[in-house]
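Visitor: Listed below are the residues making up each chain.
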Amino acid sequence: GEDVEQSLFLSVREGDSSVINCTYTDSSSTYLYWYKQEPGAGLQLLTYIFSNMDMKQDQRLTVLLNKKDKHLSLRIADTQTGDSAIYFCAETYNQGGKLIFGQGTELSVKP
Amino acid sequence: DTGVSQDPRHKITKRGQNVTFRCDPISEHNRLYWYRQTLGQGPEFLTYFQNEAQLEKSRLLSDRFSAERPKGSFSTLEIQRTEQGDSAMYLCASRQGQGALSPLHFGNGTRLTVT
Chain L
5 GEDVEQSLFL
15 SVREGDSSVI
25 NCTYTDSSST
35 YLYWYKQEPG
45 AGLQLLTYIF
55 SNMDMKQDQR
65 LTVLLNKKDK
75 HLSLRIADTQ
85 TGDSAIYFCA
95 ETYNQGGKLI
105 FGQGTELSVK
115 P
Chain B
25 DTGVSQDPRH
35 KITKRGQNVT
45 FRCDPISEHN
55 RLYWYRQTLG
65 QGPEFLTYFQ
75 NEAQLEKSRL
85 LSDRFSAERP
95 KGSFSTLEIQ
105 RTEQGDSAMY
115 LCASRQGQGA
125 LSPLHFGNGT
135 RLTVT
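Residue numbers (my numbering), protein chains in the order written: chain L, 5 to 115; chain B, 25 to 139.
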């Protein structure tokens, strides 16, 4: 079945780059997403990438996809304290558009 | 505000009681999804609707859970005879169109505590 895994915690200093990693098992995944969740809030879509792409850049965010290894990463440049949150990787593969989420990576940004 | 709206934000109930949550999706979004999120975990898919039709239900959705979207707009999720294991955040999301291209928009969730 489908499975998405992430490391649970990441701590960086303000101004550094953060790299959050994700692996998935379903080779038929068509779209992969990164969502951000702040305490007590719902999930906010940050960015997504099609499975036929290997990189996407959007301002401070860079998504890298290694389809062969089923590995996805999110790089946040010049990380700010406001970036502290839980980041979820998610995949979808079917017409229903149902998303399968990882367990989330808690990013802590220290001043 | 034209985002996904969920009500209530918090619900505390005693074990064995029934609860009902409501979700108002973004206007004209034809697909509506329910997810459940427990502490330290990612959201788990429960069910989704295309317009008023419920097209898929997860194995997680026991027979105590029922969801409806009678007019293809708002949706309700009812849990009967609640158990402590039902305590979680229940998230609703909506999207427009078919396939995976249009992103899911999430509400802020309803936090259920069963005592």
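Simulated from the structure, these hints should not be mistaken for lab results.
Hints should not be assumed to be uniformly reliable.
[Unchecked claim] Ranges of calculated distance between the beta carbons of each label pair, as one might list FRET restraints: (1) L:F54 to B:G27: 21 to 31 Å; (2) L:G86 to B:E80: 20 to 30 Å; (3) L:A81 to B:R105: 47 to 57 Å.
All C-beta atoms, glycine included, are put in the ideal place defined by N, C-alpha and C.
Visitor: Evaluate each hint against the coordinates.
Guide: Okay, the hints, checked on the actual structure:
1. L:F54 to B:G27: 21 to 31 Å: Holds, since L:F54 and B:G27 (Cβ atoms, about 25 Å apart) stay within the stated range.
2. L:G86 to B:E80: 20 to 30 Å: Distance hint for L:G86, B:E80 is violated at roughly 36 Å.
3. L:A81 to B:R105: 47 to 57 Å: Since the Cβ atoms of L:A81 and B:R105 sit about 50 Å apart, the hinted range of 47 to 57 Å holds.
Going through the hint list in order, the structure does not satisfy hint 2, though it satisfies all others.
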